[in-house]
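Required output: the full structure, derived from the provided sequences and hints.
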Amino acid sequence: MITNNMIDKKKLDAMLKRVVKPARYIGNETNLIVKDNAKVRFAFAFPDMYEIGMSYVGLQILYDVINSVDDVACERVFAPDTDMEELMRAEGMPLFSLETKREIASFDLLGFTLQYEMSFTNILNMLDLAGLPLAAADRGDDMPVVMAGGPCAYNPEPLAKFFDFFIIGDGELIQPELCRIYRDMKDASPDGRVSKSEYIAEVSKLRGIYVPSYYDVEYNEDGTVKSYTPNREGVPERVTRSLIDDLEDIPYPKKPMVPIINVVHDRAVVETFRGCTRGCRFCQAGMIYRPVRERSPEKIYELAKSQLDASGHDELSLLSLSTSDYSKFEELAVSLMEDCRQREVALSLPSLRLDSFSFRVLDEIQGYRKSGLTFAPEAGSQRLRDVINKNITEENIYSSLSQAMDLGWNRVKLYFMMGLPQETYEDLEGIAEIAKNIMDMSREKRAGKGRFSVSVSVSNFVPKPHTPFQWEPQDTRQSFVEKHNFLSDKLHIRGVQFNYHDSPVSYLEAVVARGDRKTADLIEQAWKNGCKFDSWSESFNYEGWEKAFEQTGIDGAFYANRRRSYDEVLPWDVIDSGITKEFLMRENEKAKAASTTPDCRHGCQGCGINKLTECKLGGIYGK
Amino acid sequence: MENKYCLTFKKEGYAIFTSHLDMQRLFKRAFKRAGIEIAYSHGYNPHPLMSFVQPLSLGYSSVCEMLEFRTKESYIPEFIAAELAGVMPEGIVVTECVRLEDGKKTLASRCCAAVYEIVIPLGDAVSEKAGSIDLGSFLAQDEIIVTKRNKKKKLVETDIKEKIQSLEASFVDNNLILTTKLDAGSDSNLSPELLLKAFLPFFGIGTDRSEIEISRVELICK
Ligand code: SF4
Chain A
1 MITNNMIDKK
11 KLDAMLKRVV
21 KPARYIGNET
31 NLIVKDNAKV
41 RFAFAFPDMY
51 EIGMSYVGLQ
61 ILYDVINSVD
71 DVACERVFAP
81 DTDMEELMRA
91 EGMPLFSLET
101 KREIASFDLL
111 GFTLQYEMSF
121 TNILNMLDLA
131 GLPLAAADRG
141 DDMPVVMAGG
151 PCAYNPEPLA
161 KFFDFFIIGD
171 GELIQPELCR
181 IYRDMKDASP
191 DGRVSKSEYI
201 AEVSKLRGIY
211 VPSYYDVEYN
221 EDGTVKSYTP
231 NREGVPERVT
241 RSLIDDLEDI
251 PYPKKPMVPI
261 INVVHDRAVV
271 ETFRGCTRGC
281 RFCQAGMIYR
291 PVRERSPEKI
301 YELAKSQLDA
311 SGHDELSLLS
321 LSTSDYSKFE
331 ELAVSLMEDC
341 RQREVALSLP
351 SLRLDSFSFR
361 VLDEIQGYRK
371 SGLTFAPEAG
381 SQRLRDVINK
391 NITEENIYSS
401 LSQAMDLGWN
411 RVKLYFMMGL
421 PQETYEDLEG
431 IAEIAKNIMD
441 MSREKRAGKG
451 RFSVSVSVSN
461 FVPKPHTPFQ
471 WEPQDTRQSF
481 VEKHNFLSDK
491 LHIRGVQFNY
501 HDSPVSYLEA
511 VVARGDRKTA
521 DLIEQAWKNG
531 CKFDSWSESF
541 NYEGWEKAFE
551 QTGIDGAFYA
561 NRRRSYDEVL
571 PWDVIDSGIT
581 KEFLMRENEK
591 AKAASTTPDC
601 RHGCQGCGIN
611 KLTECKLGGI
621 YGK
Chain B
1 MENKYCLTFK
11 KEGYAIFTSH
21 LDMQRLFKRA
31 FKRAGIEIAY
41 SHGYNPHPLM
51 SFVQPLSLGY
61 SSVCEMLEFR
71 TKESYIPEFI
81 AAELAGVMPE
91 GIVVTECVRL
101 EDGKKTLASR
111 CCAAVYEIVI
121 PLGDAVSEKA
131 GSIDLGSFLA
141 QDEIIVTKRN
151 KKKKLVETDI
161 KEKIQSLEAS
171 FVDNNLILTT
181 KLDAGSDSNL
191 SPELLLKAFL
201 PFFGIGTDRS
211 EIEISRVELI
221 CK
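Sequence lines, in order, name chains A and B. Quick note: the first sequence, position 623, residue 623 per the working numbering, numbers continuous. Quick note: the second sequence, position 38, residue 38 per the working numbering, numbers continuous.
Honestly, I wouldn't trust all of these hints.
Ranges between beta-carbon positions, derived for each pair [unchecked claim]:
#1 A:LEU407 - B:TYR40: 51 to 61 Å
#2 B:TYR40 - A:GLY603: 46 to 56 Å
#3 A:SER327 - B:GLU101: 52 to 62 Å
#4 B:GLU73 - A:GLY530: 53 to 63 Å
Dumping the calculated DMTMM-like pairs for lysine to aspartate or glutamate here, alpha-carbon to alpha-carbon at most 20 Å [stated by the list, open to error]:
#5 A:LYS9 - B:ASP208
#6 A:LYS21 - B:GLU78
#7 A:LYS10 - B:GLU78
#8 B:LYS10 - B:GLU78
#9 A:LYS11 - B:GLU211
#10 B:LYS72 - A:ASP314
#11 A:LYS17 - B:GLU78
Honestly, the hints are just simulated from the structure, not real lab data. A quick note: this is a predicted structure, and the numbers were derived from the prediction, not measured. Even for Gly, the Cβ is constructed at its ideal location relative to N, Cα and C.
See below:
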């Protein structure tokens, strides 16, 4: 039988007439790449809605680099919305790619990006919609090799069972290499077939590739991990992340795809740098993307220009973990403002540190239409901010807001976390106090100039792997409820809006984020109970998860609310992020003493990453 | 000079699933990519001076879409057409660009009718239906009443008879093909959906809406 594995397009046409936002499934974007004659097909799967996935810059980056490989096509697939899924299941239409409308099951390679834990059930749902068995071991050589990368791959264990391998770290160089290796093996094979096990063995030699089936895991009686043992020759004890030393000449999309429908972020985006030197102790991104690697201003201008020319976007944004930490930020901001003004393009600079320069910039780019200012003190007292090493003082906040009020801003958003290690009710009171002080200040400063509003958003702290708080327990749900009641009482202040979603999502995140291989059953069972789109409040189904805990006998508290000892083997110890455990322990101990660690631009703090690469910004302030 | 132009284009293939709102953004960006500067309205919330003569429903194809717009400076219309053609996503096919006279009313306000071609698959029922579909009896009704939602989302009954300017039928393969000219524009407007709502039950045709294809073949302006 000759089949090109295309789906029935007539059927698709009729389905598209019956669903909401059919443009999610048509793949008709400007600048999309269709390779009809590719030898190897890679499906890039984003396990959430189109609108979320298309706002994710990493997708554009990898799409671009994979498609740049000769004879290799990268096509996209997203989680279909429920109305589309219903039709697909009813009509027996399998999951398909947007570019050439091929069945996903017919692809050579299938790669998921793991951006947040609450998308994991969508992965299983997508595999199922594709007609593929969930477990890697059950998928034969005639089915795609299934891999995953992204920040959640730094603890791959809860998904280990479902994937052939994981890609840890920077993807731009290793992703195309994985495709080239496959292509060459396919070329060399007499019947054009590639043996999965041979392919996996081959790519496992690359730094940054973790093959779960190459490790045997033993557990202690109490359920903790006893050991990870490589079960074949040549497999490293720990997998070191892939790391790009210098971003300057690494490919970055010059012709980004432009979605047809409105997506969350619909704009040209240039990544200015990767990594962060601030060392907030709760922040996983601040650890796993080290060290800071910058693109030159010239490169950034060039990329901005080509992105805008090729997309027609009317907004340009910069991407990094903290915009103003770019070492030549003033120069960059001034030039981009000028360019954008000439092109009539709006410039948006997210997460600015609010100093007087930023205010001048914001005042100019926002003009009359000032958006709200945002601050993320994360904790309500100086002591607790020292615990988490969040380098922002109340003095910073008040003096910035005083300037902001003078310049005409009339609202501010404050972000906090609840349930941080060592948090007391006094710290929570501090949150209310900050809000109240700002309101008082606004009454004084803005008398007669209209209302000022403060919104306080509080989220639940989730301890993450590879951070100094990886050993810490999460607050229990009961404790979160009590704290929330306390805080909402305190925040009954005129002009202050309190946003808090008391949802068990953060608990599930805590379970899954620090899960081990056993948690795979929980995720699978939750999916079987109908859980999907867990990050969407309208579809979040806690009963399904609760039932899954019961059915699998998995104790969520063991993962979420238990303090680990330093000598416990952690499931993600098999992944070497480049940040040493000694550093993380040291930071956790300092947290207990509420002692801060300066930004390592003032001097290296010995996190360990400089053993893998050069830290160009380490200690620059001292020089 | 007002630098007013009308661009005609086709909408086909998967592009038919681009909504009216999305088309506006799509064109705004296409002009930017093509380097053609659209004029903006003045005031607090400037918007590009660009509008479709008659919105096309999601899922309809068309060979005759019209976009009226103004530019900051004067261009040769053929240049605009060529530049835009080079930057359009698949399925949006530029056919022509012409300069519009200064001072005239907008095309949107002059639009009065649209011609649609509606393809209704009948499957095996075609031979039986072919003899029994007598458009005369449909059009000879005193009134043709359908229910629709008004602007307040309430269901109301409305007589569409006067809005059907012409209606013809033919059979090709297993399909019934209707060609119909309907009122279109701000004064009087009839969506082909409403025509189908009256037509299909009148002749006992059970084809699902999702299998029916509708294409706009002509837009008529006074
Ligand atoms: S090795 Fe030193 S300079 Fe480099 S990121 Fe770590 S702490 Fe900073």
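Hints, verified against the model:
1. A:LEU407 - B:TYR40: 51 to 61 Å: Cβ of LEU407 of chain A to Cβ of TYR40 of chain B: about 26 Å, so the range 51 to 61 Å is violated.
2. B:TYR40 - A:GLY603: 46 to 56 Å: Holds: the Cβ-Cβ distance is about 52 Å, inside 46 to 56 Å.
3. A:SER327 - B:GLU101: 52 to 62 Å: holds, 57 Å
4. B:GLU73 - A:GLY530: 53 to 63 Å: Holds: the Cβ-Cβ distance is about 58 Å, inside 53 to 63 Å.
5. A:LYS9 - B:ASP208: holds, 17 Å
6. A:LYS21 - B:GLU78: Roughly 34 Å between the alpha carbons, so the hint for LYS21 of chain A and GLU78 of chain B is violated.
7. A:LYS10 - B:GLU78: Given that 20 Å is the threshold and the Cα spacing comes to 36 Å, the pair is violated.
8. B:LYS10 - B:GLU78: Roughly 17 Å separates the two Cα atoms, so the pair holds.
9. A:LYS11 - B:GLU211: At roughly 9 Å apart (the allowed maximum being 20 Å), GLU211 of chain B and LYS11 of chain A satisfy the hint.
10. B:LYS72 - A:ASP314: Distance of about 17 Å is within 20 Å: holds.
11. A:LYS17 - B:GLU78: violated, 35 Å
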